[in-house]
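Chains F and L supply the protein sequences, listed in that same order. Mapping the first sequence onto the working numbering, position 34 (from 1) lands on 34, and the numbers just tick up by one. Mapping the second sequence onto the working numbering, position 79 (from 1) lands on 79, and the numbers just tick up by one.
Because the hints were derived from the structure by calculation, they are not lab data. All of these numbers come straight from a predicted model, not from anything done at the bench. Beta carbons: idealized from backbone N, C-alpha and C, even for Gly. Careful, some of the hints might be misleading.
One-sided excerpt, in silico: chain F residues whose CB lies under 10 Å from chain L [to be verified]:
(1) Y3
(2) A12
(3) H62
(4) A76
(5) T87
(6) S126
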Amino acid sequence: MAYLNVDEIEVAIETLARAHPNVTELIPLPNVTSEGRHSHALRIGPPDAPGLDAVVITGGLHAREWVPPDALVNLAADLLEAHAGGTGLRYGGQRFSADDIRSVVGGMQLVLFPCVNPDGRHHSQSSSDAM
Amino acid sequence: MADGDVHRIKLRAQTLEELRAFLDGSGFDLGCRPVVHREGNEFVVEVYAPLPEVDRLRSARSVSGVDVTVVENASEVGRNRQAEVGSGNRFAARQALRGLGIKE
Numbered sequence: 001m002a003y004l005n006v007d008e009i010e011v012a013i014e015t016l017a018r019a020h021p022n023v024t025e026l027i028p029l030p031n032v033t034s035e036g037r038h039s040h041a042l043r044i045g046p047p048d049a050p051g052l053d054a055v056v057i058t059g060g061l062h063a064r065e066w067v068p069p070d071a072l073v074n075l076a077a078d079l080l081e082a083h084a085g086g087t088g089l090r091y092g093g094q095r096f097s098a099d100d101i102r103s104v105v106g107g108m109q110l111v112l113f114p115c116v117n118p119d120g121r122h123h124s125q126s127s128s129d130a131m
Numbered sequence: 001m002a003d004g005d006v007h008r009i010k011l012r013a014q015t016l017e018e019l020r021a022f023l024d025g026s027g028f029d030l031g032c033r034p035v036v037h038r039e040g041n042e043f044v045v046e047v048y049a050p051l052p053e054v055d056r057l058r059s060a061r062s063v064s065g066v067d068v069t070v071v072e073n074a075s076e077v078g079r080n081r082q083a084e085v086g087s088g089n090r091f092a093a094r095q096a097l098r099g100l101g102i103k104e
C-alpha cells in the first residue's frame, strides 16, 4: 500500500472514529497549522472512565519520516477491528490474544496523534525541492 | 544527480577522537538520533550531507584515518519514494481502513 498523504490520514481516523463510536473520540487540535490544516488525534478507550492510565503516541514530527503516521493509523484500525470482532491480532510471528486487545482498548486511554506535522509531510511528499 | 543532493555517508575510524575531530564544526546532519556504533575494531557514524561538502571537509582537514563511504543518494531515494505517495484520497468514500495485522 502506498504511503498515506495528509488528507488520507485525517479522513482515515475520522472514519475509524465514526465506525467505532463506543470506544473512540476524535479530538480536534485547538489550532490550525501554519498552512491552515486541521489536525485530529484519536482517543481509543472506554468513555467516562476517569483514573485510567493514558498513553499518548505521536507520529510524523519529522516530516521525512513517513512510516510512523501510517503505522499509527494502521494500529488504530487493527485494534478497533480486532476489539469489535473479539479477535486477537498477529503481526508475523508476534501474536496478541483477544484478552490482550480487550486490555488495551478497555483498560487504558490510548491517544494516537498520527501526524503532528502535516505541513512538513505534505511538503516532503509532494515538493520537488524537498529532497 | 544534482550537486546539492544529500547523501547518506558512513564515516569510519579507529578511534572516537578521530571521528570527533573530523566532524567538529562540520554542521553535518547526524540524523535524529546520532549514534556511533562499533563495526569490528572501528567506530562508525552515519551523516547526511551533499558530496561536495564532504569532499571540502576531507581536503580541508588534516585528520587521517577517517574512511568515507557513500551508502546512497538519499535525495534520489526520497524522490523515488514520492512516487509511492497516495494520490487523491483513497478514503474519500468514508470506508474504514483495515489495518495490516491478521485478526485471528
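Hints versus structure:
no.	hint	result
1	Y3	5 Å, holds
2	A12	5 Å, holds
3	H62	6 Å, holds
4	A76	8 Å, holds
5	T87	4 Å, holds
6	S126	7 Å, holds
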